[in-house]
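S.K.: Listed in order, the protein sequences are those of chains S and B. Residues in the first sequence are numbered consecutively from 1, following our numbering. Residues in the second sequence are numbered consecutively from 293, following our numbering.
These are calculated hints, taken from the structure and not from any lab test. Just to be clear, a hint being listed does not mean it is correct.
To be verified - Residues from chain B shown here face chain S by an in silico Cβ test under 10 Å; the list is partial:
#, residue
1, Val376
2, Glu380
3, Ala383
4, Leu415
5, Met417
6, Asn425
7, Lys426
8, Asn430
9, Glu440
10, Val545
11, Leu546
12, Glu613
13, Phe616
Here the structure is a predicted model, which means the values were calculated and not measured. We treat Cβ as the ideally placed atom computed from N, Cα and C, and that holds for glycine.
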Amino acid sequence: MAQRVKVDNGPLHGLWAITNRELKKWYKNYVLLGMSLVQPILWLGLFGKSMNLGSLFSANALNIPGLNIPKSIIDALGAEIMKSTFGTSSYFSFLAVGMLAFIVLFTSMQSGMSIVWDRRLGFLSKIMSTSVSRGNIIVGKALSSVIKSLAQATIVLIIATLLGLQYRSGLTVLDFVGMYAALFLMSLGLSSVFLMLALRSTSWESQMAIMNLLNMPLLFASNAFYPVRLMPDWLKPIVQVNPISYANDIDRQLLLGSTGMSSLAFDFAFLAGFAAIFTAVSMYMSWKYLTK
Amino acid sequence: MSDEVAIKAEELTKVYGGSLLAVDHISFEVKKNEIFGFLGPNGAGKSTTINMLTTLLKPTEGTARVNGFDIVKEPAKVRQSIGVVPQEYTADEDLTGWENVLMVGDLYGLPRSFTRQRAKELLDMVELTAAANKKVENYSGGMRRRLEIAMGLINQPTVLFLDEPTLGLDVQTRAAIWHYISKLRQEYGMTIMVTTHYLEEADAYCDRIAIIDHGKILKIGSPRELKEGLGGDVVSLTVSGSVEAAKQAIVQVLSVDVDDVDQATLRFKVRDASTAVPRLFEAFNASGIKISKLSITEPTMDEVYMEYTGRSLRDEEVSSEEAFRQRATIRRARKRWPSASR
């Protein structure tokens with residue numbers, strides 16, 4: 001045979017190859033790429049702008065006959081109600097930040113599908129016959145899903161800014177770094193969870209069913225659309241273990257200056273723990289179940 | 293294990309779900325630089341054996357050494373030293389042929405500069421250079437199979453496993469694929485272990501063949517040995533004159549049993565007709581017996597196969613996943629390259 005070459009046998013070899021493949025499949029498919037970028041625009045534009053809760057508390061909406069309340073008082077009262085409920089006087093801003101987590105959740109959930117198809121089409125057995133570490137298969141896929149999620153979140157943020165997102169005063173670059181860190185941890189954890197669920201699955205139908213079953217509950221049992229404070233007591237504990245709530249909490253504190261559900265330090269610790277535990281578990285499962 | 297042996301299986305066994313014995317204590321050796329064929333009906337244990345040898349499956353009992361590495365204790369070293377071309381088309385359809393080969397190089401942790409150089413050579417060898425930058429979804433079945441072979445060779449393996457490399461392909465493409473396989477053996481000195489359903493291919497290209505059924509190896513040998521094992525060639529001849537005299541001459545010269553087919557035709561089995569028949573001619577000449585018609589039928593691989601695995605049909609149940617993969621493989625094999633015919 002030809003010359004012997006120096007082979008990288010390190011634990012991370014092949015990781016980027018797997019991530020890169022997934023990313024290529026995404027950015028080279030213009031239809032898919034376009035759809036995934038248009039989706040957040042539609043959500044923000046339609047849902048974000050039509051759910052204009054702020055107008056409920058404006059003088060135009062509240063005109064009680066017989067009581068001659070000055071317009072300025074109603075507007076001031078309305079703004080105060082909005083601020084104490086949502087942490088910002090603009091519901092659109094509240095929702096737009098929630099949309100960041102929303103789009104990250106949806107993209108992370110898709111990660112499981114790729115492993116089901118790879119198994120069905122035999123690509124998975126090809127990867128496994130190479131010397132790539134089994135743990136890297138799942139981490140590589142999770143990583144690609146994180147990168148896609150963050151790219152989409154960036155689009156959402158840009159659109160939201162154009163549509164009038166009201167940032168807090170004194171915003172710094174660090175706030176955005178913190179936002180990305182929170183979304184990164186949330187996406188890594190969620191992608192690992194959905195990859196793990198798909199690890200032994202051979203039918204994409206059942207994977208779709210799992211996704212459809214979980215996406216709305218995960219979203220509504222979080223603070224993405226409504227503040228936790230107004231939720232019924234039985235729902236609160238669920239919201240408080242939902243990682244989406246913590247990503248939202250961080251993002252709203254950093255970008256909008258809202259008073260948080262808990263401290264930033266606790267929020268980050270919770271998300272980091274969530275991501276670490278599920279990445280570790282999924283790597284373990286990958287070692288265990290990918291070799292029969 | 294001696295230097296001459298590339299694969300040595302010892303009591304290799306796989307039990308699925310505690311009861312289904314897929315591979316039953318098989319032992320065999322594959323010599324270096326040999327094309328070793330693995331034949332058997334669906335569900336005989338071929339793929340399970342290949343999956344164990346390529347470390348995709350852990351054996352329940354027994355082990356094997358591939359390139360001197362133990363498949364149970366040193367799976368990482370085995371993987372580094374072998375190439376695998378699975379039955380399915382595993383290349384990513386959304387990427388180009390070139391990107392697929394590079395990706396597999398990365399998965400092996402090969403340096404990029406080396407991978408590029410080698411990918412170029414391999415794509416050239418399988419004649420895909422012109423289509424290298426086209427998406428794989430446009431490839432024909434034959435092109436995809438060639439790409440799979442290139443992908444399986446990127447890490448300079450010394451042993452290559454090919455699972456049904458010609459499944460579903462047309463005759464010309466099958467011949468081309470076997471041409472590459474023979475070339476790999478001759479030019480790169482590789483050892484090749486191949487499973488196939490096409491018996492005439494095994495006969496023509498394999499140095500040795502193992503017939504496996506119900507998880508056991510029933511017979512191992514060169515195609516010639518296996519066919520001779522059936523009792524040899526069938527000779528039938530029609531004489532003009534005394535049939536009895538001819539019969540006596542045959543028994544005398546070759547000491548075989550002779551059957552009468554009709555009043556003038558005789559039939560007998562002989563180990564090697566190409567040397568036996570000339571001897572018979574001499575005896576006939578001496579005693580003045582005239583032959584008006586002669587035919588020699590050599591046993592085919594089909595007959596050997598039927599002899600060992602039986603003639604009953606196998607109504608084997610496969611999982612829906614497996615069925616999906618088989619259908620997908622056949623469908624892709626039949627696909628044509630849009631611009632050229634093949």
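S.K.: The structure should be examined with respect to each hint, and the outcome stated for every one.
M.R.: Structure-based check of all given hints:
1. For B:Val376, the shortest C-beta to C-beta distance to chain S is roughly 4 Å, which falls under 10 Å, so the interface hint holds.
2. About 3 Å separates the beta-carbon of B:Glu380 from the nearest beta-carbon of chain S, less than 10 Å, and the hint is met.
3. Look at B:Ala383: its Cβ gets to within about 8 Å of chain S, closer than 10 Å, so that hint holds up.
4. Here the hint on B:Leu415 is broken, as its CB sits about 16 Å from the closest CB of chain S, past 10 Å.
5. Nearest Cβ of chain S to the Cβ of B:Met417: about 13 Å, over the 10 Å cut. The hint is violated.
6. Hint status for B:Asn425: violated, given a least beta-carbon distance of 12 Å to chain S, over 10 Å.
7. Because the smallest distance between the Cβ of B:Lys426 and any Cβ of chain S comes to about 13 Å, over 10 Å, the interface hint for this residue is violated.
8. With its C-beta approaching chain S no nearer than about 14 Å, B:Asn430 sits outside the 10 Å limit, and its interface hint is violated.
9. Because the closest C-beta pair between B:Glu440 and chain S is about 8 Å apart, less than 10 Å, the hint holds.
10. With its C-beta approaching chain S no nearer than about 53 Å, B:Val545 sits outside the 10 Å limit, and its interface hint is violated.
11. A distance limit of 10 Å between C-beta atoms decides the matter here; for B:Leu546 the minimum to chain S is near 50 Å, and the interface restraint is violated.
12. The closest approach between the C-beta of B:Glu613 and any C-beta of chain S is roughly 4 Å, which is under the 10 Å cut-off, so the hint is satisfied.
13. Taking 10 Å as the C-beta contact cut-off toward chain S, the hint placing B:Phe616 at the interface holds, the least distance being around 6 Å.
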